[in-house]
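Undergrad: Sequence lines, in order, name chains A and F. Each residue of the first sequence is one higher than the one before, counting from 102 in this note's numbering. Each residue of the second sequence is one higher than the one before, counting from 202 in this note's numbering.
Quick caveat, the hints were computed from the structure, so don't treat them as lab data. Ideal placement from N, C-alpha and C gives every residue a C-beta, glycine not left out. Be aware that a few hints might be false.
[Said to hold, decoys possible] Straight-line alpha carbon distances no greater than 30 Å define the calculated DSSO-like cross-link-like pairs of lysine-lysine that follow:
1. F:241 with A:308
2. F:212 with F:241
3. A:161 with F:209
4. F:208 with A:308
[Unchecked claim] Chain F side only, calculated, beta carbon under 7 Å to chain A, not exhaustive:
5. 229
6. 252
7. 257
8. 264
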Amino acid sequence: MTSATPVSINDYLQALREALRAADPALVQDAIYDAEQHLRAEIAAKPNSAEHDVLAEIVKSYGAPEEVAAAYLETESRVQAAMATPASNRRPRPTPDQGTSKIGIWRRFFGVYGDVRSYTMLFYCLLSLFTGVFYFSFVAIGLSLSIGLAILIIGLPFFVLFIGAARLLALVEGRLVEAMTGERMPRRPTTLPPDLSLLQRIGRMLKEIRTWTTLAYEALMLPLGIAYFVIVIVGLSLGPGLIAAAIFEGLAAVGVTWPGRPGIHLASESAWMGEWIRHPLGLLLLASGGIVVTTFTLHVVRGLGRLHGAFAKRMLVAL
Amino acid sequence: MNDSHAKKFQKDLNAGLVALVLLAVLAATDEDAYGYDIAKRLQPPDGSEPLFKEGTIYPVLRSLSASGWLSSRIVPSYSGPPRRYYRITPEGRAVLADWLAAWAHTRDFVEHFTRAATQQRPSEGSTI
């Protein structure tokens, strides 16, 4: 059941990673962080003992990798169950016949208004234009300065600093993505062993595929952010706009006037709409079109949330 | 066989106790404490085996923090990754008060029924 006692911190972390291989990568990153921080503190507290002696003690006090892995998996599942309760309550409870009946379809379609994820993702989509611009500029400036400064003595430290900052940004973005999409993301950063020289650090950073996927993610956030922003703005101007047009047109048709602005004649100003719009059926069509567009936009945005969560996890979390 | 039963029983017992002990330890101190520091405070005074492994407190600390019962801040460290310092929040203290009452009740209840068994055990053991 228990494997050979690890003789170094890296061994221990590797064994822990191995024991958690089926778990969510974000959970693995947190567990590795906790263990590394604890083990390094333990080693630092006993400067006169050899690393493998201290590790033998640690396995006794901190727990064998398998035990620690089990504790994380258990706590995680308990916490997730606790956090999932309100979300599942909010969803319409599907009964066997509802999924196919007409009511079920309607409920599924309009249920999006009751899902908190729709609104958090709306916010994320709007925000992603700004974060996207920022991440992209950060990566573009950082990379070009790194290359430009590479021939100078400050080139190397600058590069290390840049990659470190990019990872920190990735962690912050991860927290944002988790809050908005519900996708579990790391709560603790990954770290490099403190005893590496500058050149070894750079070598590690260059070799880790995650460094490059993180930079790629941050650069890709510009086009993605623009696309998300446009989808939300177009959908949410068009849908509610159509509904508002129908309401105002209807009010104007029955003779309601506003002080200072007698009637709003939206349709009469655009020739393509013609006179049919004044017909009650035309107004109804306009309003239902607006409702469909608005609801559909929310569905798209919520779907984007799932896709983006999966994408962020692939790019930002250690594998 | 017997040993693994005992271990499993201990694990089941620990499920809620780790959180209770962590809240109690943090409530007893005025300073912020980080994971390693808290783990070291959990050493029993008589040098016996602690009830649970130090590695198991971290996920519990995180879940207590996610519930809003602990607040935390990050401080850079020389010996490794930055440390996360925890402090108990007023909600955490309220929860702890409830839990302590539940624990006292549980302890008395269990004690009441197990006392007899504990006193009988030596004679019972000799018959087997």
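Undergrad: Each of the hints needs a verdict: does it hold here or not?
TA: So, going through the hints one by one against the coordinates:
| no. | hint | result |
| --- | --- | --- |
| 1 | F:241 with A:308 | violated (37 Å) |
| 2 | F:212 with F:241 | holds (20 Å) |
| 3 | A:161 with F:209 | holds (17 Å) |
| 4 | F:208 with A:308 | violated (43 Å) |
| 5 | 229 | violated (21 Å) |
| 6 | 252 | violated (12 Å) |
| 7 | 257 | holds (4 Å) |
| 8 | 264 | holds (5 Å) |
Against the hints set out earlier in the document, violations occur for numbers 1, 4, 5, 6.
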